[in-house]
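Visitor: All chains should be modelled from the sequences, with the hints used to inform the complete structure.
In our numbering, each residue carries its 1-based index in the sequence shown increased by 543.
Treat the hints with care, since some could be wrong.
What the hints assert, rightly or not - Derived pair list, reagent style DSSO-like, types lysine-lysine, alpha-carbon separation capped at 30 Å:
no., residue 1, residue 2
1, Lys632, Lys545
2, Lys573, Lys630
3, Lys573, Lys657
4, Lys657, Lys568
5, Lys606, Lys573
6, Lys630, Lys545
7, Lys606, Lys568
8, Lys546, Lys630
9, Lys546, Lys632
10, Lys627, Lys545
11, Lys627, Lys546
Said to hold, decoys possible - Here are the simulated distance ranges between beta carbons:
no., residue 1, residue 2, range
12, Phe626, Phe569, 38 to 46 Å
13, Ile610, Ala550, 25 to 33 Å
14, Ala550, Phe581, 31 to 39 Å
15, Asn668, Leu625, 41 to 49 Å
16, Thr576, Leu607, 33 to 41 Å
17, Lys630, Lys568, 36 to 44 Å
18, Val567, Cys685, 20 to 28 Å
19, Val689, Leu615, 20 to 28 Å
20, Lys630, Leu607, 30 to 38 Å
21, Lys568, Ile612, 28 to 36 Å
22, Leu565, Cys685, 22 to 30 Å
23, Val689, Lys573, 31 to 39 Å
24, Asp631, Pro590, 33 to 41 Å
Don't read these hints as lab results, they were simulated from the structure.
C-beta: ideal position from N, C-alpha, C; glycine also.
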Amino acid sequence: MKKLFLAAALFSFVLDRVTKFLAVKFLYGKSVTVIPHFFSLRYAENPGAAFSILSSGNEILRKLFLIVIPILIVVVILYYGLFKETKDKLNITGLGLILGGAVGNLYDRILHGKVIDFFDFYIGNYHYPTFNVADTCVFLGCLLLVLHHYLGKKMES
544 MKKLFLAAAL
554 FSFVLDRVTK
564 FLAVKFLYGK
574 SVTVIPHFFS
584 LRYAENPGAA
594 FSILSSGNEI
604 LRKLFLIVIP
614 ILIVVVILYY
624 GLFKETKDKL
634 NITGLGLILG
644 GAVGNLYDRI
654 LHGKVIDFFD
664 FYIGNYHYPT
674 FNVADTCVFL
684 GCLLLVLHHY
694 LGKKMES
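Guide: Here it is in structure tokens:
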């Protein structure tokens, strides 16, 4: 299971790095409509967290919440993924995806002080905050953990 955990983490981290490289190279200063009135690829820099939370304000608090706390979370996920015995593929894959996504965004925050986002969804006047592959991997990893929780409960009944 450790190999699956590390493979999921490495896959999500590498996919995030490659897509951010491509976004910088081909999208910088641009927006490319993929599906009119619904989805574009748009280069955006986010110095904050999800939905640009903490993008301005006290620098020390921002670094605490966007670098120190994520490092602690990464350490906890590494511990569970590498040292806790589990035979559940949903659980371990979910943890690997969360780890890879978290490390991808953490890498950007430490090196550049911001993350690159480029998935841009909107319907009419509603505009969902722009996000990236790392965010998607964290979301999918959490979804797998929720499925593991509920499917596990159902199987035990």
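Visitor: It remains to establish, for every hint, whether it holds in the given structure.
Guide: Evaluation of the provided hints:
The suggested pairing of Lys632 with Lys545 holds, with an alpha-carbon distance near 10 Å, which does not exceed 30 Å. Distance hint between Lys573 and Lys630 is unfulfilled; the C-alpha atoms sit about 45 Å from each other, more than 30 Å. At roughly 18 Å between alpha-carbon atoms, Lys573 and Lys657 fall within 30 Å of each other, so this suggested pair holds. The hinted pair formed by Lys657 and Lys568 meets the criterion: a straight-line CA distance of about 17 Å does not exceed 30 Å.
The straight-line distance between the Cα atoms of Lys606 and Lys573 is roughly 29 Å, inside the 30 Å bound, and the hint therefore holds. Distance hint between Lys630 and Lys545 is fulfilled; the C-alpha atoms sit about 10 Å from each other, no more than 30 Å. A C-alpha spacing of about 27 Å is found between Lys606 and Lys568, which places the hinted pair at or below 30 Å, so the restraint holds. With a C-alpha separation of about 12 Å, the suggested pairing of Lys546 with Lys630 holds against the 30 Å cut-off.
Using a Cα cut-off of 30 Å, the hinted pair Lys546 and Lys632 holds, with the two alpha carbons roughly 11 Å apart. Proposed proximity of Lys627 and Lys545 is supported: the alpha carbons are some 9 Å apart, at most 30 Å. Distance restraint check for Lys627 and Lys546: the Cα-Cα separation of roughly 13 Å lies within the 30 Å cut-off, and the hinted pair is therefore satisfied. Taking the beta carbon of each, Phe626 and Phe569 are about 41 Å apart, inside 38 to 46 Å as hinted.
For Ile610 paired with Ala550, a C-beta distance near 26 Å keeps the hint of 25 to 33 Å intact. About 33 Å separates the C-beta atoms of Ala550 and Phe581, a value consistent with the hinted range of 31 to 39 Å. Under the hint 41 to 49 Å, the C-beta atoms of Asn668 and Leu625, about 46 Å apart, fit the expected range. In this structure the supplied range 33 to 41 Å holds for Thr576 paired with Leu607, their Cβ-Cβ distance being about 38 Å.
Between Lys630 and Lys568 the beta carbon distance is about 42 Å. The supplied range of 36 to 44 Å therefore holds. Separated by about 27 Å at the C-beta atoms, Val567 and Cys685 satisfy the suggested range of 20 to 28 Å. Checked against the given bound of 20 to 28 Å, the beta carbons of Val689 and Leu615, roughly 22 Å apart, stay inside it. Checked against the hint of 30 to 38 Å, the C-beta distance between Lys630 and Leu607 comes to roughly 37 Å, which is consistent with it.
Checked against the hint of 28 to 36 Å, the C-beta distance between Lys568 and Ile612 comes to roughly 31 Å, which is consistent with it. Roughly 25 Å separates the CB atoms of Leu565 and Cys685, a value that falls within the hinted 22 to 30 Å. Distance hint for Val689 and Lys573: a CB-CB separation of about 36 Å, consistent with the stated range 31 to 39 Å. At about 37 Å, the beta-carbon gap between Asp631 and Pro590 stays in the expected band of 33 to 41 Å.
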